[in-house]
Amino acid sequence: MLKIAIIGVGTVGSSVANILRDNKDIICSRAGMQLIPSIGVVNNLNKKRDVSIKLTDDIDLVLEDDSIDIIVELMGGVTQAYEVVKKALTKGKAVVTANKALLAYHRYELQELAGDIPFEFEAAVAGGIPIINALREGLTANHIESMKGIMNGTCNYMLTRMINDGVAYDDILKESQDLGYAEADPSFDVGGFDAAHKLLILASIAYGIDAKPEDILIEGIENITSEDIEFANEFDYCVKLLGIAKKVGKQIELRVNSAFIPNTQMLTKVDGVMNGISVIGDKVGETMYYGAGAGGDATASAVIANIVDIARRGKGSPMLGFKSENLENLILMSKDDIKTKYYLRLRVEDKTGALAKVSSILANHNISIEKMLQKPVNKTCVHLLLSTHTCMEKDINQALKTLEDEIVVTKKPAMIRIED
13 MLKIAIIGVG TVGSSVANIL RDNKDIICSR AGMQLIPSIG VVNNLNKKRD
63 VSIKLTDDID LVLEDDSIDI IVELMGGVTQ AYEVVKKALT KGKAVVTANK
113 ALLAYHRYEL QELAGDIPFE FEAAVAGGIP IINALREGLT ANHIESMKGI
163 MNGTCNYMLT RMINDGVAYD DILKESQDLG YAEADPSFDV GGFDAAHKLL
213 ILASIAYGID AKPEDILIEG IENITSEDIE FANEFDYCVK LLGIAKKVGK
263 QIELRVNSAF IPNTQMLTKV DGVMNGISVI GDKVGETMYY GAGAGGDATA
313 SAVIANIVDI ARRGKGSPML GFKSENLENL ILMSKDDIKT KYYLRLRVED
363 KTGALAKVSS ILANHNISIE KMLQKPVNKT CVHLLLSTHT CMEKDINQAL
413 KTLEDEIVVT KKPAMIRIED
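Per my numbering: the sequence shown = residues 13 to 432.
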């Protein structure tokens with residue numbers, strides 16, 4: 013028998029407690045022993061919660077209880093959660109967490125502290141999709157060549173509605189907030205930070221790369237317009253917010269950004285609030301993981317899968333799936349050295365020589381145009397929507413600065429990366 017404490021009995025914590033109760037027989041049969049949700053820790057004991065387990069507001073009482081075998085950390089945040097998890101591990105308690113922010117900043121310290129104590133975190137990335145165990149176990153024979161995925165359901169829902177139904181960004185953001193998909197302050201989701209935390213966790217497992225959110229390129233979907241979507245449709249692209257990891261020689265390229273991807277790719281079929289992640293291994297080729305990336309029951313499903321793993325195995329394996337001394341020595345690629353294709357949206361004066369001026373500026377920065385679409389804005393201006401051949405991030409950024417200062421360009425240029 014294993015006794016479980018749930019720290020944070022919100023939407024996911026309540027689902028964990030209730031699923032352990034409602035599906036007790038099948039879960040215990042698969043675990044090989046009884047799994048008992050013993051107690052939950054909450055901030056406010058007066059708040060009504062749909063759970064039958066005992067509740068307390070005293071975290072230390074639970075952490076000091078020697079009868080508790082597993083701590084399920086669902087409180088969120090970084091600083092307090094880090095202290096709670098550290099104390100649980102020093103007490104020899106196994107830990108299961110869904111806290112992506114905690115792991116984005118402290119995964120290596122926690123792996124060192126955990127040692128042989130089980131520490132599981134499947135629910136921290138893509139909710140109910142078993143991508144963590146796929147990387148740590150199912151693909152363990154492979155060098156991971158690349159990963160790219162839709163890791164934020166809020167952004168994916170918004171983009172799906174913008175593409176399929178022509179809804180403007182501001183309108184779909186409000187709708188997402190009304191539906192509970194986006195927070196009152198949506199910047200964590202729409203700015204790409206949520207997806208970045210998840211990408212960093214996956215990159216650690218795949219490559220052993222120790223990077224923080226501040227170290228990588230992170231952009232969101234805030235600046236996508238109907239003109240961008242029209243260009244994408246014209247040239248058979250779909251717009252998605254992607255987390256991208258690529259091995260390039262001895263470097264690892266890591267970034268989160270909105271991207272145009274060809275409609276032939278499987279990720280373009282991932283719509284609404286769903287998540288999807290494509291992983292390419294050197295031996296297995298491409299594998300694809302799809303499912304619900306959030307929600308109480310979906311996330312709780314991954315949490316309970318980790319609890320069952322602990323019951324089956326007892327002793328833990330390396331939290332991130334490797335011994336660091338045996339890893340290839342890989343380094344994080346500089347943002348300036350990223351190479352890809354780019355889409356540019358420029359509003360320029362509708363007069364002779366404007367296009368020639370834009371083309372000249374791009375050529376001076378080693379950038380050549382691949383495709384172009386022109387749309388009238390008003391009687392004096394047009395939108396130039398164009399895509400480039402492969403070029404370097406530093407060159408496109410310098411070109412954008414030059415274009416912004418050019419007199420024929422009447423509004424700050426916009427850019428979206430293209431992932432062919």
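Possibly wrong hints are sitting among the right ones.
Using 25 Å as the maximum straight-line C-alpha spacing, the simulated PhoX-like pairs for lysine-lysine come out as follows [stated by the list, open to error]:
| no. | residue 1 | residue 2 |
| --- | --- | --- |
| 1 | Lys-413 | Lys-383 |
| 2 | Lys-424 | Lys-351 |
| 3 | Lys-351 | Lys-262 |
| 4 | Lys-224 | Lys-262 |
| 5 | Lys-391 | Lys-347 |
| 6 | Lys-347 | Lys-424 |
| 7 | Lys-327 | Lys-15 |
| 8 | Lys-363 | Lys-406 |
| 9 | Lys-36 | Lys-60 |
| 10 | Lys-383 | Lys-351 |
| 11 | Lys-186 | Lys-258 |
| 12 | Lys-224 | Lys-424 |
| 13 | Lys-387 | Lys-369 |
| 14 | Lys-295 | Lys-363 |
| 15 | Lys-387 | Lys-363 |
| 16 | Lys-387 | Lys-262 |
| 17 | Lys-351 | Lys-391 |
| 18 | Lys-98 | Lys-66 |
| 19 | Lys-327 | Lys-353 |
| 20 | Lys-383 | Lys-327 |
| 21 | Lys-424 | Lys-406 |
| 22 | Lys-66 | Lys-99 |
| 23 | Lys-413 | Lys-423 |
For each label pair, taking beta carbons as the anchor points, the in silico distance ranges come out as [to be verified]:
| no. | residue 1 | residue 2 | range |
| --- | --- | --- | --- |
| 24 | His-401 | Arg-33 | 52 to 62 Å |
| 25 | Gly-261 | Met-45 | 46 to 56 Å |
| 26 | Arg-324 | His-401 | 29 to 39 Å |
| 27 | Gly-261 | Gln-189 | 16 to 26 Å |
| 28 | Glu-246 | Ser-64 | 52 to 62 Å |
| 29 | Pro-225 | His-401 | 27 to 37 Å |
| 30 | Glu-246 | Asn-409 | 20 to 30 Å |
| 31 | Ile-381 | Asp-417 | 42 to 52 Å |
| 32 | Ser-79 | Met-300 | 34 to 44 Å |
| 33 | Thr-152 | Asp-128 | 28 to 38 Å |
What the hints contain is simulated information worked out from the structure, not anything from laboratory work.
Glycine included, each C-beta is placed from N, C-alpha and C at the ideal position.
Tested hints:
{"no.": "1", "hint": "Lys-413 - Lys-383", "in the structure": "holds (21 Å)"}
{"no.": "2", "hint": "Lys-424 - Lys-351", "in the structure": "holds (23 Å)"}
{"no.": "3", "hint": "Lys-351 - Lys-262", "in the structure": "holds (15 Å)"}
{"no.": "4", "hint": "Lys-224 - Lys-262", "in the structure": "holds (19 Å)"}
{"no.": "5", "hint": "Lys-391 - Lys-347", "in the structure": "violated (39 Å)"}
{"no.": "6", "hint": "Lys-347 - Lys-424", "in the structure": "holds (21 Å)"}
{"no.": "7", "hint": "Lys-327 - Lys-15", "in the structure": "holds (16 Å)"}
{"no.": "8", "hint": "Lys-363 - Lys-406", "in the structure": "violated (29 Å)"}
{"no.": "9", "hint": "Lys-36 - Lys-60", "in the structure": "holds (24 Å)"}
{"no.": "10", "hint": "Lys-383 - Lys-351", "in the structure": "holds (18 Å)"}
{"no.": "11", "hint": "Lys-186 - Lys-258", "in the structure": "violated (34 Å)"}
{"no.": "12", "hint": "Lys-224 - Lys-424", "in the structure": "violated (30 Å)"}
{"no.": "13", "hint": "Lys-387 - Lys-369", "in the structure": "holds (18 Å)"}
{"no.": "14", "hint": "Lys-295 - Lys-363", "in the structure": "violated (54 Å)"}
{"no.": "15", "hint": "Lys-387 - Lys-363", "in the structure": "holds (13 Å)"}
{"no.": "16", "hint": "Lys-387 - Lys-262", "in the structure": "violated (43 Å)"}
{"no.": "17", "hint": "Lys-351 - Lys-391", "in the structure": "violated (37 Å)"}
{"no.": "18", "hint": "Lys-98 - Lys-66", "in the structure": "holds (24 Å)"}
{"no.": "19", "hint": "Lys-327 - Lys-353", "in the structure": "violated (47 Å)"}
{"no.": "20", "hint": "Lys-383 - Lys-327", "in the structure": "violated (56 Å)"}
{"no.": "21", "hint": "Lys-424 - Lys-406", "in the structure": "holds (18 Å)"}
{"no.": "22", "hint": "Lys-66 - Lys-99", "in the structure": "holds (22 Å)"}
{"no.": "23", "hint": "Lys-413 - Lys-423", "in the structure": "holds (12 Å)"}
{"no.": "24", "hint": "His-401 - Arg-33: 52 to 62 Å", "in the structure": "holds (58 Å)"}
{"no.": "25", "hint": "Gly-261 - Met-45: 46 to 56 Å", "in the structure": "holds (47 Å)"}
{"no.": "26", "hint": "Arg-324 - His-401: 29 to 39 Å", "in the structure": "violated (52 Å)"}
{"no.": "27", "hint": "Gly-261 - Gln-189: 16 to 26 Å", "in the structure": "violated (43 Å)"}
{"no.": "28", "hint": "Glu-246 - Ser-64: 52 to 62 Å", "in the structure": "holds (56 Å)"}
{"no.": "29", "hint": "Pro-225 - His-401: 27 to 37 Å", "in the structure": "holds (30 Å)"}
{"no.": "30", "hint": "Glu-246 - Asn-409: 20 to 30 Å", "in the structure": "holds (25 Å)"}
{"no.": "31", "hint": "Ile-381 - Asp-417: 42 to 52 Å", "in the structure": "violated (20 Å)"}
{"no.": "32", "hint": "Ser-79 - Met-300: 34 to 44 Å", "in the structure": "holds (43 Å)"}
{"no.": "33", "hint": "Thr-152 - Asp-128: 28 to 38 Å", "in the structure": "violated (19 Å)"}
In terms of the numbered hints stated before, the structure departs from hints 5, 8, 11, 12, 14, 16, 17, 19, 20, 26, 27, 31, 33, listed from lowest to highest.
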